[in-house]
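Engineer: If you read the sequences in order, they're chains A and B.
All residue numbers for the first sequence refer to our numbering, where the first residue is 1 and numbers rise by one.
All residue numbers for the second sequence refer to our numbering, where the first residue is 1 and numbers rise by one.
No lab work stands behind these hints, which were simulated from the structure alone.
Just so you know, these numbers come straight off a predicted model, no measurement behind them.
Please note that a few of the clues may not be correct.
[To be verified] Quick list of in silico lysine-lysine cross-link-like pairs, BS3-like style, CA-CA up to 25 Å:
id, chain 1, residue 1, chain 2, residue 2
1, A, K49, B, K42
2, A, K22, A, K77
3, B, K57, A, K49
4, B, K42, A, K22
5, A, K77, B, K57
6, B, K42, B, K78
7, A, K22, A, K58
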Amino acid sequence: AQSVAQPEDQVNVAEGNPLTVKCTYSVSGNPYLFWYVQYPNRGLQFLLKYITGDNLVKGSYGFEAEFNKSQTSFHLKKPSALVSDSALYFCAVNAGNMLTFGGGTRLMVKP
Amino acid sequence: EPEVTQTPSHQVTQMGQEVILRCVPISNHLYFYWYRQILGQKVEFLVSFYNNEISEKSEIFDDQFSVERPDGSNFTLKIRSTKLEDSAMYFCASSRRLVGETQYFGPGTRLLVL
Numbered sequence: 001a002q003s004v005a006q007p008e009d010q011v012n013v014a015e016g017n018p019l020t021v022k023c024t025y026s027v028s029g030n031p032y033l034f035w036y037v038q039y040p041n042r043g044l045q046f047l048l049k050y051i052t053g054d055n056l057v058k059g060s061y062g063f064e065a066e067f068n069k070s071q072t073s074f075h076l077k078k079p080s081a082l083v084s085d086s087a088l089y090f091c092a093v094n095a096g097n098m099l100t101f102g103g104g105t106r107l108m109v110k111p
Numbered sequence: 001e002p003e004v005t006q007t008p009s010h011q012v013t014q015m016g017q018e019v020i021l022r023c024v025p026i027s028n029h030l031y032f033y034w035y036r037q038i039l040g041q042k043v044e045f046l047v048s049f050y051n052n053e054i055s056e057k058s059e060i061f062d063d064q065f066s067v068e069r070p071d072g073s074n075f076t077l078k079i080r081s082t083k084l085e086d087s088a089m090y091f092c093a094s095s096r097r098l099v100g101e102t103q104y105f106g107p108g109t110r111l112l113v114l
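Okay, chain A solo, but in the shape it has when bound (with noise of 0.2 Å):
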């Protein structure tokens, strides 16, 4: 069965600083994973994801992911966080029919 972990609950940076969220996943076969963000009492929004190809995926809002495949981590990055990023993040890994959700990791940008 797949699984993914985000290790940390709740991330602070500083406004203009670099972010990075971190995610790692089990699964067998090829991963497919997700990044989705959920801002309060919305749904959930996607973000990026990885299917094959280059390591470094680029997604929305000035986010990327890099995909690591010998530490099964794909941590989300962003080189200059807003204050407007901050929400809840999520990894998901794509077996099947379904997605499979880490726990969540909130992120916090402080001026």
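Starting from the structure of chain A, add chain B where the hints point.
Structural biologist: This is chain B only, laid out in the frame that chain A set:
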């Protein structure tokens, strides 16, 4: 940009009552899903639906749950006899294809069972 929509945004019901949560997936999508998120917990898969039948379901999706696509646009989740532990945010999602395809989520229905 097309979006998944869900109604109602909030629903309060008494334990034992039936509820129907409604979703309108993106129009050219073929695969439909329901997920739930109990407060403070991770998002969990309930069921996937394709070609008018369930293609996969989780252990959570027991006999009290059912899904239906009653017409060409709506996709519903019915809970026959709600329990306190059914209180959660329920998300509908849709995708064009299956494996590796992005699932687009609706804003959710917050269900509170009293």
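Engineer: Now look at each hint and say whether the structure bears it out.
Structural biologist: So, going through the hints one by one against the coordinates:
1. A/K49 <-> B/K42: Cα-Cα ~19 Å, so holds.
2. A/K22 <-> A/K77: Holds, at roughly 9 Å.
3. B/K57 <-> A/K49: 23 Å, holds
4. B/K42 <-> A/K22: 16 Å, holds
5. A/K77 <-> B/K57: Not satisfied, since the Cα-Cα distance of roughly 33 Å exceeds 25 Å.
6. B/K42 <-> B/K78: Given that 25 Å is the threshold and the Cα spacing comes to 21 Å, the pair holds.
7. A/K22 <-> A/K58: 16 Å, holds
When each numbered hint is compared with the structure, a violation occurs for hint 5 only.
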